[in-house]
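**Q** Here's the letter readout for the chains.
Protein chains: 2
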Amino acid sequence: MDDDTQKINMKALAKALNLSTATISKALRDSYDISEATKIKVREAAERLNYVANAYASGLRSHQSNTIAIVIPEIADSFFSQAINGIESVAGNKKYHALIYLTHDSYEREAAILNEFTSGRVDGLLMSVASSTLDTAHIGKLQKAGIPIVFFDRDCRQIPTASVTTDDFNSAYNATCHLIKQGCKNISLITVQGHVSIFLARKDGFRRALEAGGITPLPSNFVYCPNKYSDESIKLIGNHLNEVQPDGLLLTVEHLSTAAYLAAEEVKLSIPNDIKIVCFTNQITAPVLNPSLTTVQQPAFAMGQKAAELLFEYLSHKYIQLEKEHLVLPSMLVVRGSTSPTSDNKKLTQL
Amino acid sequence: MDDDTQKINMKALAKALNLSTATISKALRDSYDISEATKIKVREAAERLNYVANAYASGLRSHQSNTIAIVIPEIADSFFSQAINGIESVAGNKKYHALIYLTHDSYEREAAILNEFTSGRVDGLLMSVASSTLDTAHIGKLQKAGIPIVFFDRDCRQIPTASVTTDDFNSAYNATCHLIKQGCKNISLITVQGHVSIFLARKDGFRRALEAGGITPLPSNFVYCPNKYSDESIKLIGNHLNEVQPDGLLLTVEHLSTAAYLAAEEVKLSIPNDIKIVCFTNQITAPVLNPSLTTVQQPAFAMGQKAAELLFEYLSHKYIQLEKEHLVLPSMLVVRGSTSPTSDNKKLTQL
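Top to bottom, those sequences are chains A and B.
Quick note on my numbering: the first sequence kicks off at 1 and runs consecutively.
Quick note on my numbering: the second sequence kicks off at 1 and runs consecutively.
Derived from the structure by calculation, the hints contain no laboratory data.
Don't take each hint at face value.
[Stated by the list, open to error] Derived BS3-like pairs (lysine-lysine); straight-line CA-CA distance at most 30 Å: (1) A:Lys185 with A:Lys144; (2) A:Lys95 with B:Lys39; (3) A:Lys26 with A:Lys39; (4) A:Lys95 with B:Lys41; (5) A:Lys15 with A:Lys144; (6) A:Lys144 with B:Lys41; (7) B:Lys141 with B:Lys185; (8) A:Lys95 with B:Lys95.
[To be verified] Selected chain B positions facing chain A (Cβ under 8 Å, derived; list incomplete): (9) His255; (10) His326; (11) Leu327.
Idealized CB from N, CA, C, for every residue including glycine.
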C-alpha cells in the first residue's frame, strides 16, 4: 500500500524498464524518435509505477503547462457558472486544466493576474473583461508575449483577437420593445458601473428602442448600481422608484433582479401592476419568483463551449486566425409574469 | 511604450543594478545574506523594469508555488461562491493565488485533480469533498506528499486534518422541529445522491427530530435527486408529492428549492397551504420567491475565511497542528412565507 502510493521519478522509471532516461523522456513526450511499442511500454509502466512528472521541470522542457485560464469578474452569477461548464466540457476532453481566476470586476486585480501569466503559467486564456477596465495595456502585453486570448461575453475591441458574444444590443432593444408593448411609458434602465462592452450595447439597445417607440429617455431614467448584490442597490432602486416613478424597468445584471423586487416591495409597488420588469439573467429561480420573472436568457453554456473550441483549435493546429473569429450567439426573451398586463392576484380579485 | 511592456530577466536586472545575479536572486527571495537596503533597491528596480520571474524556474528553486487550490464540487451554488469570497479575502492579503478546481461531484475528477498536485503545483489545499467520493486514498496520498489540506463544509473524517464545518445535524434538527411546530405531520427529506458528511448529518438531524416529535419516517419519506439542477429532480419530487402526499419538505441543497417549487406548481399544491418547505441555501433570491422561502442560512463567507486562515497559519509558521483544528460555525434558520400557517393569498381571500 505504501509502495503503491509512493511517487517515482524518471530515473527510477528508466531503471525499472532498463531504458535510458532520454528514451523515457522522449517516449513520454510522444517523440517521433521512439517506436510506438516502446511508447506503450513506457506509458503502461509509468501508470503502474505511479510516475509523476514534476510540473515545473516538465513545464520548463516542453514550454507547455497544459493549463488554460478562465478570467472572469465573478462566479455568483448563473451566466458565468454555466459558461464555465461549457468551457470545461471542451477542456476536459483535451486533457487540459481550466483554472478559474476571479477579478471581482477590478482592473487592478485583472492586471495583476494577467501579469503573472507572462511567466508561462498558462497556454491560453478565456476572458471576460472586468467592468472597471479602461486601460487594456495588460491584455495587449500578454498577447505580445505569445499567449492566445479568446474573449467571451465581455470583449475588448482594442485587442485584435477572437470573441464569442451574444447580441446584447438586439436583446436590450427587444426587451424594451416588449415593455413598451405591455403599456409602459416611463421606462428606466438599471445597470452597473463600468465600461464593459456588453453594458454599453445594452444601454444603446434600450435607448434606441425607446426612440423608435417615440419615447425620449431622461438622464434620470438611468441608474448605476454597484457590481455586487448589496443593500445599496436596493436603496438606489427604491429611491429611483419613488422619485422618477417609472412603470417599467430593464435590469442588465442578474443580482439586480432580487434588488429590484425587494425595492418594489419596500415602496409598496406591485409587480407587474404598478411596474413591469425584465432582467438579463440565466438564474434558474426566474420561474418561481413572486411574480415569475421575464428574462433575457443568454446562451451561456454554448458561449463557453465555442470560446474554448476556438482556443483549442488555435493551440493544437494554429491554422486559424483568432483575430478574424467573432461569433455572436442569439439570446432569447422569455416572457413571464413580471411583464403581464395584470397579475394573477388581480385576476383573482376581479373574478 | 514597447520598452515599457518588455519583460526583463534576472540577468538584465543584475546588469542594470551592477550586482551579481546571485545577489539579485537572494534579494528577491528575501535571503538573510542580503542587507535590507539592497533588497529594497532590487525590489524597486524589479518593479520599475518590469521584471517577471519564470514561474517554473522560480518554482524549482524555492519549492514554492505561492498558489493554493480550492477544490469544490460546483460553483452554481451560492454557498460556494460566498465561501470563495471568504477564502480570497484572506489569500489576497497573503499575495497568494487561489485557484479554483471543480470536481462536478465526481470522484474520478477529484482523484485526477489531486494526483496533479503531488507534482508540486500548489502549496496547500482547501477542499470540499465530492459527493461520490467513498475511497479517500487520493486525499491521503496528497497529504503524505507533504501538501497540507484543510476541509471546509464537506469534510472527510478518515483524513486527520483541519476542518471548518457548520452544525449540519442541529440545523436539520431545528428546521424539522420548525416544520412540526407549523403543523406538518408527514415530512419528507429531499436530498441528493452521495456519501458526503454533511448530507449524512442532515439526514440524521431530520430523522432524530421526527422521532423526538413522535413521528416515524418511512423509507418513502426519503427522496434522492441528481446533484445538479435538472428536470429529473422536478419529476422525482412531483411523483413523490403525488404518491406520498407529504405536508412538509426539508431540502438539503440550493437547487432543490427551484425544483420543489416547480414540482408543487405542477401537481397543483399551494405552498405553504398544502405543503411547507425549508431549504438549506444561501441564495439571495429566497425573500423574493413565490412564496418567500424559509432557509437554513450557512456562514459561507466566514467558513471560507476561517479555512484559509488555518491553511496560511500552517504555511507560514507551521506551529499549529492541523489535525487538532476543527471549527464548527453555527447556521441560522430564517423563517419566511414557505412555512407560514397560511399564505398571504389565502388571507386575502378570507378578508
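**Q** Now tell me if each hint is right for this structure.
**A** Evaluated hints:
1. A hinted pair counts as satisfied when its Cα atoms are at most 30 Å apart, and Lys185 (chain A) with Lys144 (chain A) does not qualify at roughly 50 Å.
2. Between the alpha carbons of Lys95 (chain A) and Lys39 (chain B) the distance comes to roughly 41 Å, so the proposed pair goes past 30 Å and is violated.
3. With a C-alpha separation of about 9 Å, the suggested pair Lys26 (chain A) and Lys39 (chain A) falls inside the 30 Å cut-off, and the hint holds.
4. Note on Lys95 (chain A) and Lys41 (chain B): the hinted pairing is violated, with a Cα-Cα distance of about 43 Å set against a maximum of 30 Å.
5. Of the supplied pair hints, the one linking Lys15 (chain A) and Lys144 (chain A) is violated, its CA atoms being roughly 43 Å apart against a limit of 30 Å.
6. Between Lys144 (chain A) and Lys41 (chain B) the CA atoms are separated by roughly 29 Å; this keeps the pair inside 30 Å, and the hint holds.
7. In summary, the hint linking Lys141 (chain B) to Lys185 (chain B) is not supported, as the alpha carbons are separated by about 47 Å, beyond the 30 Å threshold.
8. The hinted pair formed by Lys95 (chain A) and Lys95 (chain B) meets the criterion: a straight-line CA distance of about 29 Å does not exceed 30 Å.
9. For His255 (chain B), the shortest C-beta to C-beta distance to chain A is roughly 7 Å, which falls under 8 Å, so the interface hint holds.
10. A hinted interface residue such as His326 (chain B) counts as satisfied when its beta carbon comes closer than 8 Å to some beta carbon of chain A; here the least separation is about 25 Å, so the hint is violated.
11. With 8 Å as the threshold, the beta carbon of Leu327 (chain B) stays out of range of chain A, its nearest partner Cβ sitting at about 24 Å, so the hint is violated.
Consistency note: the structure conflicts with the earlier hints numbered 1, 2, 4, 5, 7, 10 and 11.
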